[in-house]
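*Asks:* All chains should be built: construct the whole structure from the sequences, respecting the hints.
Taken in order, these protein sequences are the chains called A, B and C. Mapping of the first sequence onto my numbering: residues 1 to 289, in sequence order. Mapping of the second sequence onto my numbering: residues 1001 to 1788, in sequence order. Mapping of the third sequence onto my numbering: residues 2001 to 2163, in sequence order.
Hints in this document: simulated from the structure, not taken from any laboratory. As the structure is a computational prediction, the values presented were derived from the model and not from experiment. Heads up, the beta-carbon is just placed ideally off N, CA and C, and yes, glycines get one too. Hints may be right or wrong, so weigh each one.
Here are the in silico distance ranges between beta carbons for each label pair [claimed, not checked]: (1) A:M40 x C:S2162: 41 to 49 Å; (2) A:E65 x C:D2055: 22 to 30 Å; (3) A:R229 x B:G1069: 56 to 64 Å; (4) C:D2055 x A:Y157: 43 to 51 Å; (5) B:K1211 x A:E258: 53 to 61 Å; (6) B:D1140 x C:G2071: 53 to 61 Å; (7) B:G1440 x A:L243: 37 to 45 Å; (8) C:G2071 x B:A1233: 48 to 56 Å; (9) C:T2016 x A:S146: 17 to 25 Å; (10) A:P148 x B:D1443: 50 to 58 Å.
In silico SDA-like cross-links for lysine to any residue, where the CA-CA straight-line distance does not exceed 25 Å [what the hints assert, rightly or not]: (11) B:K1029 x C:K2003; (12) B:K1312 x B:D1442; (13) B:K1785 x A:E162; (14) A:K249 x B:A1784; (15) A:K64 x A:E139; (16) A:K249 x A:S264; (17) A:K71 x A:R188; (18) B:K1390 x B:D1349; (19) B:K1174 x B:D1442; (20) B:K1037 x C:G2056; (21) B:K1037 x C:L2033; (22) B:K1591 x C:L2033.
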Amino acid sequence: MIPANFNYHKVTSVKEAIALSTELGEEAKYMSGGHSLLPMMKLRFATPEHIIDISKIEGLSYIKEDGDMLKIGAMTTQTEMEHNDLLKENYPIMGDAIWLTADPSVRNVGTLGGNIAHGDAANDQPALMLAMRATVVAEGADGTKSIPIDEFFHGFYMTALEPSDVLTEIQIPKAKKGSGGAYVKIERKVGDYATAGVAVHVELDDNGVCQQIGIGLTNVSAVPMRLERGEEVLRGQTITDELIAQVGKIASEDCEPESDLRGSEAYKRSVVDTITKRMLNKALERARQ
Amino acid sequence: MFKCKTSPEVGGMGHSVKRKEDARFLHGKGNYVDDVKLPGQLMMVMVRSPYAYAKIKSINKEKALAIPGVLAVITGYDLKEFNLHWMPTLLSDTQMVLPTDTVMHQSQEVCAVIATDRYIAVDGAEAVEVDYEPMKALVDPYKALDDDAPLLRPDKEGQEDNQIYHWEKGDRAKTDDVIAKADVVVKERVYLPRIHVASIETCGCNASYDKDTKKLTVYLTTQAPHAIRTIVALVAGHVGLSEEKIRVIAPDIGGGFGGKVPVYPAYVVAIAATFLIGKPVKWIEDRSENLVNGFARDYHMDCELAATKDGKIQAFKVSTLADHGYTDSSANPSKFPTGMFSICTGSYDYEHAFAELDAVYTNKAPGGVAYRCSFRVTEAVHAIERMVDKLAAEIKMDPAEIRFKNFIKKEQFPYASPLGWNYDSGDYKQTLEKAMEMIGYDDYKKEQAEKRAQGKLMGIGICTFTEVVGAGPSKDFDILGIAMFDSAEIRVHPTGKALARFGTKSQGQGHETTYAQILAEELGIPYTDIEIDEGDTDTAPYGLGTYASRSTPTAGAAAAMAARKLKDKGRKIAAHLLEVSEEDIEWEVGKYFVKGAPEKSKTIQDVAFAAYTNIPPGMEPGFEATHYYDPPNLTFPNGAYICVVEVEEETGAIDVKRFVAIDDCGNVINPMIVEGQVHGGLTQGIAPAMYEGIVYDDEGNVLNGTLMDYLVPTAVESPHWETGHTITPSPHHPLGAKGVAESPTVGAPPAIANAIIDALYPLGIKHLDIPITPDKVWDAIQVAKAKA
Amino acid sequence: MGKHNVTMTINGESVTAEVDSRLLLVHFIRENLDLTGTHIGCDTSNCGACTIMLDGKSIKSCTYLTVRADGANITTIEGVAAEGTNSHLQQAFHDQHGLHCGFCTPGMIIRSMDLLKTNPNPTEEEIRWGISGNLCRCTGYNNIVKSVQQAATEMAKEKEASV
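*Replies:* Shown next, in the form of structure tokens:
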């Protein structure tokens, strides 16, 4: 399996990337870690004429809290996130997801930005971003834009990014006291894309009432999916087992899985119910710590 | 247990010496086929069919040939000029090398592109334009014999339907009669799915023909280099390839498992290409080509097991439908179209059995690979072991108890099985007892009862299998008429060091160590002083190769026999050196001594030196021996495996809590290597039990043709294996050994399946076909609940 | 299309070459540099036979463009230890029978080096997850786990001795 011919261009700044992409037009693709794009090129599902390598752009690899935001540079690798103390301490949902994503050698190369920008509902990070209400920051020909995650995923491999936009940063509301998140996916074997995955982020007030809740689903719809109807049930409520069961049921109803090698539609709906409940409980447990 | 006769330094049988072959692999110096780069090297890439069944209307080479560096596009018509577009299979069928008019399965080779470079060859293959006229593919083997099924092989004279052959063994009438009158009869259709060996190294070759010397050298991923040489000579003799001018070299092999026994069409194309071009042509399969072509299993088995109400088995009947794809390319011994399937009566003593099989054509890839099992033993063992468990459940008897009740007893060996095998030795009771003790069977039974009371799903599965390996005695076993002996040739050098060559070929089994240990055992020369060489037909003695766990039973025996010839010659030399008569010389490992005067002795090294320097008058100089070993019988390794699982009802998730494997492979040459072989085979057993299976859609497309979707277990899926041994030596093998590597692949799937089904039994689930995946379990639970 | 000059350090030696945009790093290593210890098993970054160390991290060289490795420091299995010597991992794989056919072994060793660097004292579960991107079809993994454990112990001893 060998990719078709293309021209490779290395850029060292976001400006340079945008200028080059604008010049080369639609036949140019950005490559960050390359672990989503290059396999498609090797299978010749993708045959871009130009590859613009943005992995060498300096300054896009960082994890920091700034004001009331957690900011992660788009070129941060999944391995860097896995071993980051701040994420381990305050954002355990990240570790949940990264541990289940591909394998360590792939995570050494694969970036957070790439995982999101690929627009693939089978990737794990989109569900987390939906649950955590992330904002995607991108630079484009028309300047910097901040895209709320709810407006980011448009379709199968399609996002709000223009072809020349470079995803530069992910912003996530900083973890507060009383907040917690959790992610799990059912996979056929370790490193597989999800049969179904669920990310939950919850924020409780001092009385244990749910102030904020985000639920994102992996690979049970064409586009990464937020479970809004389920969130509404919980927001402003003291979360009980009954409510959790109700949300699990909603998740199984609202997701849009298809029967395939990973299982029947009915099976997937059932496991979405189960793991939604489990992740709600796990997120609550973390929030209450 | 086995007592070592030699010191650890000599390293004969029973010593877990470290492997001699490791150093090159640990430092990246292994030499696999794709590592061989020859002067003027060309690369070949196959164009493959996207359709399962289609007419080829045209092949346009022009755009491919226009690419700089593309030298040739070879089609079936090009080969037809040399009558090389078809080749015979080992079982008297025919297989296309390249098609002229029809493709019969998805991913079939359509034509070959030869280029100066791998990348250019791939571009060339992309540029070839093939115009297909797709036809409705025959995918379901149960529809192959329908009146309206398309006749897939009109090219075969006299072929009027899609049946390849009917085979049967045993007494149908008597078996039917016993079944009709039995207290209890359990029935099930047991399917063993199509799977792939998926060795981490794919298949490939590097063929090089010298137009001046007329010599063809082929580096090949093959488990049987000599057989391939003879096949090439037979298939291509008419174009001028003569067997003495053909050299097949199997370099290091990155896992074989049976998948590197067949002759794949691309090998023949590469040989044809180098023959025409006169430059070396290399073809290396990519993973998708590998997974979609060649297969193992694919047996649909209708089983009936009859017993008395207290669990004494009386008769077993199995009627099988075998899906062979578009040709029967099974690499079986000639007289065994279904391999050793008739071992299906298992480890149990009863009188009546009948097995029959119908093999049919479909629009799928051919294969019939004996995947880490001695030709269809896995299928046979799965059938009987599932049925014994089903019977136990039906009459509410403990699965261990029913096995004890029916085992062939130790004193019954040699045992004539109802379908004609002569089991050499075994102590099945002891082996199962050991497994039960090691895992703590009774405690798990109690725990299971408690868990069931709480509504939890826990299962305990047993498999007590009998293997049949080491093909085989020449009166029954041949490939293309060549008897299935194997060979060893030993040369002891003047300094007492040795080189030994064999007709087999290791693919990771550790022959360079274990063969040296056999010779160390017999001759007392330290195993570190003995080099082992295999795989080059110009230097190694003729042999049938390594598969079907036959290396130890055949070539290992040949090594012992050749060593004994040397020892006999050495005795004469020692007598000469010690100036006594030959009758006065005695042997203990490593030295000859004078009877009654042990201080008067000569080491094997002294004797070797004398064989070149101080030869007894009239004796032929040198210290070499060769032996071709024709085994008197097969060997019958056996084992008892127990698996404990928990199943989560909500998600169908299966957790393998424990797995204990007790193997009886007779005397053990290297316990470390035997244990390693068992570990590996067990992981290849859990693979089809829970993860792997080639999936086709209704059009005959393979849906999981990459390692993204063909789920080879990682270290996470693979449980921590627990192993142990019992030893009942083979009475007819010179070393008492039996062969081991395939037992775990055969024994693990039914143990795991039995455990999972045992867990689900309280829900009313009585059978599931492998692979038993969480979604399949979940679906079955929903069906069972709906019924209840 | 698109030729590029690249310079990188491979097993301690500087290498300069002109390569095509699309040349995969694994082919550059195997075919241009004749370092054939790095293998190809799946083409889809599932099997790990092509694993090499790039700037101190294990990566799958079948899914990496050679041009992107310009300036990188690469170690392949051939550079893991001086000729005639074994690293702790190589020795442990030998001692524990952690290899059969040897095809996955180079990738498995490189991956384990990275694992032990980030986690010098891994549990059995962490080892199993840590090598989950490297498939072995021969060993059943038991002995690979033991090999990594032995190497971890030996490396810890060595570290203690040097303190």
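*Asks:* With reference to the structure, classify each hint as holding or not holding.
*Replies:* Right, here's what the structure says about each hint:
A hinted range of 41 to 49 Å for the beta carbons of M40 (chain A) and S2162 (chain C) is consistent with their spacing of about 47 Å. A hinted range of 22 to 30 Å holds for the C-beta pair E65 (chain A) and D2055 (chain C), which are about 27 Å apart. Here the CB-CB span from R229 (chain A) to G1069 (chain B) is close to 59 Å, well matched to the stated 56 to 64 Å. In this structure, D2055 (chain C) and Y157 (chain A) break the distance hint of 43 to 51 Å, their C-beta atoms being roughly 30 Å apart.
For the hinted restraint 53 to 61 Å between K1211 (chain B) and E258 (chain A), the CB-CB distance of approximately 57 Å keeps it satisfied. Taking 53 to 61 Å as the suggested C-beta distance range, the pair D1140 (chain B) and G2071 (chain C) conforms, at roughly 56 Å. At roughly 43 Å, the beta carbons of G1440 (chain B) and L243 (chain A) sit within the given window of 37 to 45 Å. Between G2071 (chain C) and A1233 (chain B) the Cβ separation comes to about 53 Å, which falls inside the hinted range of 48 to 56 Å.
Between T2016 (chain C) and S146 (chain A) the beta carbon distance is about 43 Å. The supplied range of 17 to 25 Å is therefore violated. A C-beta distance of roughly 57 Å is found between P148 (chain A) and D1443 (chain B), which places it inside the suggested range of 50 to 58 Å. Distance check on the hinted pair: K1029 (chain B) and K2003 (chain C) sit about 31 Å apart at the alpha-carbon level, beyond 25 Å; violated. Between K1312 (chain B) and D1442 (chain B) the CA atoms are separated by roughly 23 Å; this keeps the pair inside 25 Å, and the hint holds.
In summary, the hint linking K1785 (chain B) to E162 (chain A) is not supported, as the alpha carbons are separated by about 51 Å, beyond the 25 Å threshold. Distance hint between K249 (chain A) and A1784 (chain B) is fulfilled; the C-alpha atoms sit about 22 Å from each other, no more than 25 Å. Restraint check for K64 (chain A) and E139 (chain A): the C-alpha separation of about 20 Å stays at or below 25 Å, so the hint holds. Note on K249 (chain A) and S264 (chain A): the hinted pairing holds, with a Cα-Cα distance of about 17 Å set against a maximum of 25 Å.
Restraint check: the Cα-Cα separation between K71 (chain A) and R188 (chain A) comes to about 32 Å, which exceeds 25 Å; the hinted pair is violated. The hinted pair formed by K1390 (chain B) and D1349 (chain B) meets the criterion: a straight-line CA distance of about 18 Å does not exceed 25 Å. At roughly 39 Å between alpha-carbon atoms, K1174 (chain B) and D1442 (chain B) are farther apart than 25 Å, so this suggested pair is violated. Pair hint K1037 (chain B) plus G2056 (chain C) does not hold up; C-alpha atoms about 30 Å apart against a cutoff of 25 Å.
Note on K1037 (chain B) and L2033 (chain C): the hinted pairing holds, with a Cα-Cα distance of about 12 Å set against a maximum of 25 Å. For a cut-off of 25 Å, the pair hint linking K1591 (chain B) to L2033 (chain C) is broken: about 50 Å separates their Cα positions.
Hint compliance for this structure: hints 4, 9, 11, 13, 17, 19, 20 and 22 are broken, all remaining hints hold.
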